[in-house]
Amino acid sequence: MKALKLINDNRMLTAGIITLIFVIFFGVIGSWFVDRERADVGAGRPAQPPSLDHWLGTDQQGRDVFADIVYGTPGTLKIGLIAAFVGVGVGTILGFISGYFGGYIDNFIRFISDVFMTIPVLMILIVLASLLDVMSNTMLGLLIAAFGWMGALRVTRAQVLTMRERAYIQVAKLNGVNDLEIIFKEMIPNLLPFIAASLVGASAGAVLASLGLSALGLGPQNEPSIGLTIFWVLHYGALIRELWWWFMPPIIVMVLLFIGLFMITAGLDRIANPRLRTKV
Amino acid sequence: MNAEYVLKRFLLFLAVIVVAVSINFIIPRLRDTNPIKERLYQLAAQGGVNVGKMEEMIEVWEKKFGLDQPLWKQYINYWNDVIRLDFGKTIADFTPVINEIMRSAPWTIGMLSVATVIAFVVGTVFGALLAWPKTGNFVKIFVPFLMTLSAIPYYLLGIVMIYTFAIYWPILPTSGAYGFGVRPEWSIEMVLSVISHAIMPAGSIVLTSIGFWGLGMRGMMITTMGEDYMKFAEYKGLKENRIFLSYGVRNAMLPQVTGLAISLGTILAGSVLVEVIFAYPGLGNLLYTAISSNDYFLMQGIMIFVIVSLGFALFVVDLLYPLIDPRINLQEQQS
Amino acid sequence: MTNFALSVENLKVYYHTSGGPVKAVEGVSFNLSKGEKLGLVGESGSGKSTIALALMRSHKPPAIIEEGSINLGQTNLLDLSEENMRKTRLSGISMIPQGAMNSLNPVARIRKQVVDALSDHSFKFKKAERETFLRELMESVELDPKVLNLFPHELSGGMKQRVCIAISISLKPQVIIADEPTSALDVIVQRQVIETLSKVQEELGAACVLIGHDMGLMAQFADKIGIMYAGKLVEIGSVNDIFKNPTHPYTRLLIESLPDTKGKRPLIGIPGLPPSLLNLAPGCSFCLRIEKENRKEIPWVEISKDHFIQKCDICSDYGKVKTKK
Amino acid sequence: MASLLQATNISKEYVSGTFLKKRNLALKEISFSVEETPPSITCIAGESGSGKTTMARLLAGLLDKSGGELLYKGKSLNKMNSEEKLTFKKEVQTIFQDPFEVYNPFYKVDHVLTTPLKKFGITSNKSDSDKMILSALEEVGLRPDETLGRFPHQLSGGQRQRIMVARAFLLRPKIIIADEPVSMVDASLRATILEELKLLREKHGISIVYITHDLTTAYQVADNILILYKGYLKEAGSVEVVINNPQHPYTKLLVDSIPQPDPDIKWGKLDISATQELLETPGVGWRNS
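Keeping their order, the protein sequence lines are chains A, B, C and D.
Per my numbering, the first sequence runs over residues -19 to 260.
Per my numbering, the second sequence runs over residues 9 to 343.
Per my numbering, the third sequence runs over residues 198 to 522.
Per my numbering, the fourth sequence runs over residues 3 to 291.
Worth flagging that the hints you see were computed from the coordinates, not collected in a lab.
Backbone N, C-alpha and C define an ideal beta-carbon position, used for all residues, glycine too.
Any given hint might turn out to be false.
These stretches of chain C come out as covered by chain D in the derived footprint (C-beta under 8 Å, 3 or more residues) [as the list claims (entries may be wrong)]:
| # | segment |
| --- | --- |
| 1 | 371 to 385 |
| 2 | 400 to 412 |
| 3 | 434 to 442 |
| 4 | 452 to 460 |
| 5 | 463 to 472 |
Using C-beta positions, here's what the derived DEER-type ranges look like [unchecked claim]:
| # | chain 1 | residue 1 | chain 2 | residue 2 | range |
| --- | --- | --- | --- | --- | --- |
| 6 | B | 129 | A | -6 | 56 to 64 Å |
| 7 | C | 517 | D | 174 | 54 to 62 Å |
| 8 | A | 8 | B | 199 | 47 to 55 Å |
Incomplete in silico selection of chain A near chain D, CB under 8 Å [as the list claims (entries may be wrong)]:
| # | residue |
| --- | --- |
| 9 | 108 |
| 10 | 147 |
| 11 | 151 |
| 12 | 154 |
| 13 | 169 |
| 14 | 211 |
Generate coordinates for the entire structure from the input sequences, incorporating the hints supplied.
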């Protein structure tokens, strides 16, 4: 009930979730109607404009563009989700350790995170991806996660630091509640909107990075993903040859995905930071 | 200035350098095979390298990596080279890596800093106006437009722009930093050519980041307007413009300025993708070339150069920050 | 009417919410002569801060002044244009804000914050004159003129509040409003600030409205006290009348609940909670607090010279016998 | 017999900074004791920066002292075994200043009442615990149907603070540390809450350490008073004596600055610069080391 009311009040969040569900269903439902083989090289004649047989035409190597996107979208989402969950998970845990226990552990963790925040992450990812022969979408997700935990750490640490001083944590201590229960029962429930916002934000960041890496040809080459499609687009000069049916659809799907994620972040932000809410 | 603050920032800077150099030391050792020898033999097999150069290359490589020496000694030798800015020579045409970097960096810095500053100024002004209750509604109709743009990845926008403005409706050049026929010297023709070539890559960055600055500023401005000093400014009978600028924007700007400094600092790391898509001859493109041709010395050189400059830039920004926010020393003390 | 420095008549300020109007200020009237000090007392939500905002015309939507007039000398502030109202702030009527800690712009030196106000009221000084003016202004609130070169975070809470006082009197207004100016300050510092305020107010001969909830502070400062309850002024009179002969039951309970150091006695609180101001029906709101009801118009009665109360037939004797010592 | 609570020369120092240490001595060698019989109300009074909140947290066991000795029933807090610690936590209860922040916004107000009953093993039986909670609420004059089952923001500040008094009472403590319990509560409710505290002492024999900056309520409520200033104990004794006949210049100034709610007792003229000088005399405080 409360959640429903919240969504009702928060149109930004609702619109974002609907957009995101639309993109996800596009991949899920699409795969019921389209054969996997149609996304393989040589499934049709190369570079054909849209027709009844190939709704969005074919690419230079004869892949059906529609099938390619239907099977590529889940791949891209998977990279984003893996990176986001691992990155935010690690960041949140470190943030808790840092904020709750403080002292030397805190100094150490903060120092490492500051160093990571100062180095150019995308550039290092590019170099690492080029050296590591990224084989699978999972691997790419993990690689991105390795450089994507600092945001969640900062948010969590800051929240835990303010919460730790809150009187209700003191009351819990006086009530005989132990550290673990304080973290899980008293702190985490209040952190959920922040963690959710971090997850969505990190997913967007991870998809952005994975698209970029794959578009440079540094991502996995044998699993379909939108990034790979963009790579082929650039590789075969689809722009100059004006094969619009090839490069516009993946861009549109990705733009929808990003707008959806963006609206969810903005909506969650409004829940987490009440001051952004319009005043009564 | 607070000594603890300066000391902490300086240690961070040192740590970043150590990390950068160490990463670079590790990178070529991540593979079992010797990548350089591999690559050289590959080139030799294709007849791409003349044998004289190749021998010199192998010599350089052996001296550099000293694989027969113990690891710690290799590490120390590596530091030695880095301190002397000796990043080795490129595989492709055997020029010193540092020269290649110095040739590419100005393009990246020039194009991206202009783009970042434009996006910052426009976005910040927009954001401040959006939060100000007396702004007319005509500004607010831009909000959905801005938000949509800020959600789009800049390189995808770049692709759409190339197709729209260079192919479908060819009014701007597709790639490069200046026209083929133009001589790279100070002339009006050259300047115009540079500008027309920079419009699209810079434009794709400006359009996609205005929203970021705008929304950030809007949030800060809303917070600032709730502050007691804004109310007191009104009780003082100050003019609207002064309250808006000297009291509101001036305070709401502080986090934005940190953001700008970081963005300007990160410029060298640049937008590799934008440079690749627009074939813009900056550092990002150079890195991509190095990756495509397995040129390790070049890759390492770029990485070290970028990380160290970035670390240094952020260090300087941290030192200058107390100038725009007089409270910084105090906050540092409290945190 | 009229040699009053400030005269408020039948002021009504409502907050228009989706649930209906919140009657934050409901028909408040009072007059202040030149040099007179009024203490406006009430618990939170009684409408006292809304009055302060309305006097400055700095209330923001959804708050709207529904009715009434606010006369500063001969001018009704509610008739002024936006621009003229802006010029009147500080030069005619000024406000010392509540949050002493955060009322100064954190990134500007004190000098600039004083000078800003002068230049936006078209005061032009030669440099030397200006410095003399600023120095004298600082000295008038017992601050070292060196403070002008400092940033707000370099000052203590009491110093910040004295800077606010200095700014508020810099254009010699006829009326000074102080909205809980000492709320975050320690007792001794509070005393310093209130005495500074008293001193500059006397020197200027300005009328002063001190808003707060601390009756002790009011006893020290005010000539006249007004008691706010649920958006209405329920009693007003000289400081002696209010303390010696509190007549409205709310005032009486308020005075009796005050702890002092003149001998131990049981502390007696005021029962119940103030009513919600949302869609508040006309009639006596104190009756609602003690679970009675009077829906009639409550008359404004002068019980002795210049001592008025809102006299409700039903509750006016409430608590009289029970709390008699 | 040992005192209930005995502080001997306790000091507290905060240290900050990673490389260049800064030390802030918040309390310097404070001694006092609270006896079990007769139950008493001891007031620790001071302005901001006096160390009174630090004192409250030390006494509640929420902070560790840097020096001196703190004994509960003759036993040092640091030397207690876990069972004794549990008894200490049960018998020494705290009421906090901010009646909103003490509630976790995620839970209904019942959470602060049911948790201690469970955690201290008093009862895990629902009907027993309900019964105990109802009687505790009654004790502070709250109606359960108006308070239980609600979220903290749905209650008034006074109601929230009275629930906290009920929570403290629920565990039948020996001593309650009340850290500025009424400074954030509307004036009309202050009296009610303070009377409830007095009642807990009279009816249930619970001793109270009342921490405040307000000398008038201290005078009305407490038996003994300690005046803290910048970490030092400046004056102590029976509240009547200290407030009616202060000896230390700081206490004199403090008592003289009380805004008496009586137009006949006005403040004298204050020499602001001389006061400033007194206020700026160094106490303990931040210093580099």
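Structure-based check of each hint:
Beta-carbon proximity to chain D at under 8 Å applies to 3 residues in the segment 371 to 385 of chain C; the threshold of 3 is reached and the given coverage holds. Check on the segment 400 to 412 of chain C: 3 of its residues sit with their Cβ under 8 Å from a Cβ of chain D, so the three-residue criterion for coverage holds. For the segment 434 to 442 of chain C, the stated coverage by chain D is satisfied: 3 residues place a CB nearer than 8 Å to a CB of that chain, which reaches the threshold of 3. Coverage of the segment 452 to 460 of chain C by chain D holds in this model, with 7 residues showing a Cβ closer than 8 Å to a Cβ of that chain against a need of three.
Counting residues of the segment 463 to 472 of chain C whose beta-carbon sits less than 8 Å from any beta-carbon of chain D gives 6, enough to reach three: the coverage restraint holds. For the pair residue 129(B) and residue -6(A), the beta carbons lie near 34 Å from each other, so the given range of 56 to 64 Å is not met. Between residue 517(C) and residue 174(D), the C-beta spacing of about 39 Å breaks the proposed range 54 to 62 Å. For residue 8(A) and residue 199(B), the hinted distance range of 47 to 55 Å is satisfied, since their beta carbons lie about 53 Å from each other.
Because the beta carbon of residue 108(A) sits about 31 Å from the nearest beta carbon in chain D, more than 8 Å, this interface hint is broken. Using the Cβ-Cβ criterion of 8 Å, the hint placing residue 147(A) at the interface with chain D is satisfied: the shortest such distance is roughly 4 Å. Taking 8 Å as the C-beta cut-off, the interface hint given for residue 151(A) holds, the closest approach to chain D being about 5 Å. Proximity of residue 154(A) to chain D holds as hinted, the smallest CB-CB distance being about 6 Å (cut-off 8 Å).
A least Cβ separation of about 4 Å between residue 169(A) and chain D falls short of the 8 Å threshold, and the interface hint therefore holds. Among the interface hints, the one on residue 211(A) is violated; its C-beta lies about 46 Å from the nearest C-beta in chain D, farther than the 8 Å criterion.
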